[in-house]
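Student: Given next are the chains, with one letter for each unit.
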Amino acid sequence: MIRLIPGDPARVLAGLMASEEDVELIREQLGLNKPLYVQPFTYMANLFTFNLGVSARTDSPVLYEVMARLPNTLALALSSTALAVALGVPLGVFAASRKSSKIDTLVSTFSIVGISLPTYWLGLIMITVFAVELHLLPAGGYGTPAHFVLPTITIALFLMAFIVKITKASVIDSMEKEYVVTARSKGLTERVILYKHILRNALIPVVTIIGLQFGSLLGGAVITETIYAWPGLGRLIIDAINNRDYPMVQGSIFIFALLYALVNLVTDLIYTIVDPRVRLG
Amino acid sequence: MLQSDKLLEVQNLRVTYRFEDKKIRAVDDVSFSIREGDRFAIVGESGSGKSTLGLSIVRLCPGEASGSVRLNGIDILKLSQEELRKLRGSDISVVFQDPSSALNPVLRIGDQLIEVFTTHGYDKTEAYTRSAKLLETVGIPEPEKRLMSYPHQLSGGMKQRVIIAMAIALNPKLVIADEPTSALDVTIQAQILKLIKELSETKKLSMILITHDIGVAAEVCNEIGIMYAGRMLEIGTFEDVFHNPKHPYTQSLMTCVPKGLKCVLKPLPGNVPDMSNLPSGCKFHPRCPYANDKCKTIEPKLEKADGRYVACHAVW
Numbered sequence: 001m002i003r004l005i006p007g008d009p010a011r012v013l014a015g016l017m018a019s020e021e022d023v024e025l026i027r028e029q030l031g032l033n034k035p036l037y038v039q040p041f042t043y044m045a046n047l048f049t050f051n052l053g054v055s056a057r058t059d060s061p062v063l064y065e066v067m068a069r070l071p072n073t074l075a076l077a078l079s080s081t082a083l084a085v086a087l088g089v090p091l092g093v094f095a096a097s098r099k100s101s102k103i104d105t106l107v108s109t110f111s112i113v114g115i116s117l118p119t120y121w122l123g124l125i126m127i128t129v130f131a132v133e134l135h136l137l138p139a140g141g142y143g144t145p146a147h148f149v150l151p152t153i154t155i156a157l158f159l160m161a162f163i164v165k166i167t168k169a170s171v172i173d174s175m176e177k178e179y180v181v182t183a184r185s186k187g188l189t190e191r192v193i194l195y196k197h198i199l200r201n202a203l204i205p206v207v208t209i210i211g212l213q214f215g216s217l218l219g220g221a222v223i224t225e226t227i228y229a230w231p232g233l234g235r236l237i238i239d240a241i242n243n244r245d246y247p248m249v250q251g252s253i254f255i256f257a258l259l260y261a262l263v264n265l266v267t268d269l270i271y272t273i274v275d276p277r278v279r280l281g
Numbered sequence: 001m002l003q004s005d006k007l008l009e010v011q012n013l014r015v016t017y018r019f020e021d022k023k024i025r026a027v028d029d030v031s032f033s034i035r036e037g038d039r040f041a042i043v044g045e046s047g048s049g050k051s052t053l054g055l056s057i058v059r060l061c062p063g064e065a066s067g068s069v070r071l072n073g074i075d076i077l078k079l080s081q082e083e084l085r086k087l088r089g090s091d092i093s094v095v096f097q098d099p100s101s102a103l104n105p106v107l108r109i110g111d112q113l114i115e116v117f118t119t120h121g122y123d124k125t126e127a128y129t130r131s132a133k134l135l136e137t138v139g140i141p142e143p144e145k146r147l148m149s150y151p152h153q154l155s156g157g158m159k160q161r162v163i164i165a166m167a168i169a170l171n172p173k174l175v176i177a178d179e180p181t182s183a184l185d186v187t188i189q190a191q192i193l194k195l196i197k198e199l200s201e202t203k204k205l206s207m208i209l210i211t212h213d214i215g216v217a218a219e220v221c222n223e224i225g226i227m228y229a230g231r232m233l234e235i236g237t238f239e240d241v242f243h244n245p246k247h248p249y250t251q252s253l254m255t256c257v258p259k260g261l262k263c264v265l266k267p268l269p270g271n272v273p274d275m276s277n278l279p280s281g282c283k284f285h286p287r288c289p290y291a292n293d294k295c296k297t298i299e300p301k302l303e304k305a306d307g308r309y310v311a312c313h314a315v316w
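Going down the list, the sequences are from chains A and B. Going by our numbering, the first sequence opens with residue 1, and the numbers climb by one from there. Going by our numbering, the second sequence opens with residue 1, and the numbers climb by one from there.
It is worth saying that the hints were derived from the structure and are not from the lab. Hints may be right or wrong, so weigh each one.
Taking lysine to any residue and the SDA-like style, the derived pairs with C-alpha atoms no more than 20 Å apart in a straight line are [to be verified]:
1) A:K196 / B:R108
2) A:K196 / B:E82
3) B:K124 / A:K99
4) B:K296 / B:G307
5) A:K177 / B:Q97
6) A:K99 / B:F19
7) B:K86 / A:I193
8) A:K99 / B:R130
9) A:K196 / B:K86
10) A:K177 / B:G156
11) B:K173 / B:K296
12) A:K177 / B:V106
Among chain A residues calculated to face chain B with C-beta under 10 Å, some are [as the list claims (entries may be wrong)]:
13) R98
14) K102
15) G143
16) E178
17) A183
18) P276
Glycine included, each C-beta is placed from N, C-alpha and C at the ideal position.
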């Protein structure tokens, strides 16, 4: 697909002053002169040895570049997921246990707004307010804890709104189960019923959602990283696409896919803790 | 005031469900009472309001209840939430229909059994030993291993034994069993029924057994109430009502019970009435072979006749 975009990586790499021979040489090095149907097979064969090729732009190995960016993305994904879970789950439970109250309406409205706000708009507004007008926080970049605040909040807000919605729906669903009537017939307090009987069941789908969301965040929150000039995977991919850096695009997407699969595996393993029915033997 | 020997006295109980703007009265003006040691069967077709009636006694039913339900003279409908909580599980307990959905799938059997004790003031070690003993009482082998099991590791019959164990844990004054065998297959049904019967005799349990199966009632109960469209039509001892039914509906029900090999089953014509659009007068009159003009306009009240209570104008 990416080959359909006009532009020649060999020419970018060779620079403006390069001769036609140099460009041809680079093409040969990158294997770009081979037919289009051969290229993916060569690439896949190399994957088995984790040879992701060399960046067409910087000349350094793709794996090295990706690994240099990965911790930044990981840090942002972790901080925003942690914030979203820490606030989203309790809010969702709270809204469910006071269904149809004013607080529930407020929380639900907030979560719809949170899901609907486009990230690029929210990001720009936050930069305008907190960085440009109030000078409280840096507008972008990476390094100090202060740099984390705006991008984390930008991602967490959407994620949290989503988690609130899922948690609330799941808790309400569990509340209507028959085992809740059983629990009530035993004379348990409503508190025990909520925390022991309902929550354990209600959190199973929430864990899935958190896992999936965290997985996709590892691919780099492309828009957020671009707005805040965050040196993560998302921006690496965007830059690579803009420069027709095919090996870099393919390499980082491959790593992303690998991580995504890994996170899903971990989510499934967490399942065995939450839900005894999926435990073996 | 006279001290009554009645354990439970239900008077003029009405339970109403609201669906949007519609009101449906699932239980209408039901009165009956239970003495200590009685095993009272509530028998009726699906939708007759028998489960609603049973669960409303401990206020586990979402409908609005009016009237009075007195346990040893104390009106359960007037209790505060906290008083109600203390009564549930200790004075009155419930056995549910479907053991697979009545147990929490993510909690161990032990957790679910032990909490019955701990919520009513027992300490944990005491609760544990009592729980293990209890599982043995209801016929579960290797009780200590089973306490560590999750519900999905047990068969349907075993799960129902666990539910029964929870219900008798604190020697309640009254056990309400809502179709306790309907979700089980026939051989297991017989085992569970035998267990309920044994427990009710050895522990002298007072019980309300809700069922659509007169055979199940016959195994366990000494008193019976026949429900139809949210009303009690006939209440009496099981012997009287079974062998000499007075109400035409009870009579037709009894012809639906196979007695021996050569009997002919006579199906009851017509359908259960629509609860949102009940007939006038006696609710049974459209299907009743003896219905007269009075039956169509005036609803009969439960009146004493021949040693039991019957609600019928045509009773002779």
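Student: Now, for every hint given, state plainly whether the structure supports it.
Tutor: Hints versus structure:
{"no.": "1", "hint": "A:K196 / B:R108", "result": "holds (12 Å)"}
{"no.": "2", "hint": "A:K196 / B:E82", "result": "holds (19 Å)"}
{"no.": "3", "hint": "B:K124 / A:K99", "result": "violated (34 Å)"}
{"no.": "4", "hint": "B:K296 / B:G307", "result": "violated (26 Å)"}
{"no.": "5", "hint": "A:K177 / B:Q97", "result": "holds (14 Å)"}
{"no.": "6", "hint": "A:K99 / B:F19", "result": "holds (18 Å)"}
{"no.": "7", "hint": "B:K86 / A:I193", "result": "holds (15 Å)"}
{"no.": "8", "hint": "A:K99 / B:R130", "result": "violated (38 Å)"}
{"no.": "9", "hint": "A:K196 / B:K86", "result": "holds (19 Å)"}
{"no.": "10", "hint": "A:K177 / B:G156", "result": "holds (18 Å)"}
{"no.": "11", "hint": "B:K173 / B:K296", "result": "violated (41 Å)"}
{"no.": "12", "hint": "A:K177 / B:V106", "result": "holds (13 Å)"}
{"no.": "13", "hint": "R98", "result": "violated (16 Å)"}
{"no.": "14", "hint": "K102", "result": "violated (22 Å)"}
{"no.": "15", "hint": "G143", "result": "violated (44 Å)"}
{"no.": "16", "hint": "E178", "result": "holds (4 Å)"}
{"no.": "17", "hint": "A183", "result": "holds (7 Å)"}
{"no.": "18", "hint": "P276", "result": "holds (4 Å)"}
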